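Note that the sequence shown covers residues 0 to 170 in numbering that gives the first Met the number 0.
Just so you know, the hints here were simulated from the structure itself, not pulled from any lab data.
Bear in mind the structure is a predicted one, so any value in this text is a computation, not a measurement.
Every residue gets a Cβ at the ideal spot worked out from N, C-alpha and C, and that includes glycine.
Some hints could be false.
[As the list claims (entries may be wrong)] Distance ranges between label pairs, derived from CB positions:
1) D169 / Q32: 34 to 44 Å
2) Q32 / S96: 35 to 45 Å
3) V9 / E66: 31 to 41 Å
4) H125 / R155: 28 to 38 Å
5) R94 / T167: 19 to 29 Å
6) E78 / T151: 11 to 21 Å
7) D67 / S96: 16 to 26 Å
8) E156 / D86: 11 to 21 Å
9) R70 / Q127: 23 to 33 Å
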Amino acid sequence: MTKQHAVELVPCDPRWPQAFQRIRGKLLTLLPQALAIDHIGSTSIPGMMAKPLIDIDIVLPGLEHIEDATRVLLAEGYEPRGNRYDDDVWAFLSRGSVPAERVYLCPSGNGTHRNRLAFRDYLIAHPQAAADYAALKRRLAVEFRMDGDRYTAHKREFVDTIVARALTGDG
């Protein structure tokens, strides 16, 4: 049985953008073939409460680059977290850094990456939607305090609705 960690949400830390820039610089040095390194997740949304970790998508030119990038991340101490979302997205976690980092490798044109950027940008541009999301996160963090998988799963409908609005230009 895997040990469950409590879902921990913290207030927005104004240092998160600078932490991302520092991490981005390190990742660009390690993975110069990256086409983009994007700050995603709640820490990328100004004012949003979040788990205290920086989520980052690393876009590579194609699937053939994933294996080499994986070797580099493993050599740097990132823990593999598997292929996520059945969409050619490989996750890695670095607990040793402050804040913690969760990076995702994905090929160019990846749908999960597109959706993450659409969600982030929509919430930044729509403060009421961001406030609604924060309220949902607070409620779910209490309800699923020791079950991060269910916490994440119960956000899915809200996230999918926002992504659909963002991609159709509705709102």
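Status of each hint after checking the structure:
1. D169 / Q32: 34 to 44 Å: holds (36 Å)
2. Q32 / S96: 35 to 45 Å: Given about 22 Å between the Cβ atoms, the range is violated.
3. V9 / E66: 31 to 41 Å: holds (35 Å)
4. H125 / R155: 28 to 38 Å: violated (19 Å)
5. R94 / T167: 19 to 29 Å: violated (38 Å)
6. E78 / T151: 11 to 21 Å: Cβ of E78 to Cβ of T151: about 18 Å, so the range 11 to 21 Å holds.
7. D67 / S96: 16 to 26 Å: Given about 22 Å between the Cβ atoms, the range holds.
8. E156 / D86: 11 to 21 Å: Holds: the Cβ-Cβ distance is about 18 Å, inside 11 to 21 Å.
9. R70 / Q127: 23 to 33 Å: Because 44 Å falls outside the window, the suggested range is violated.
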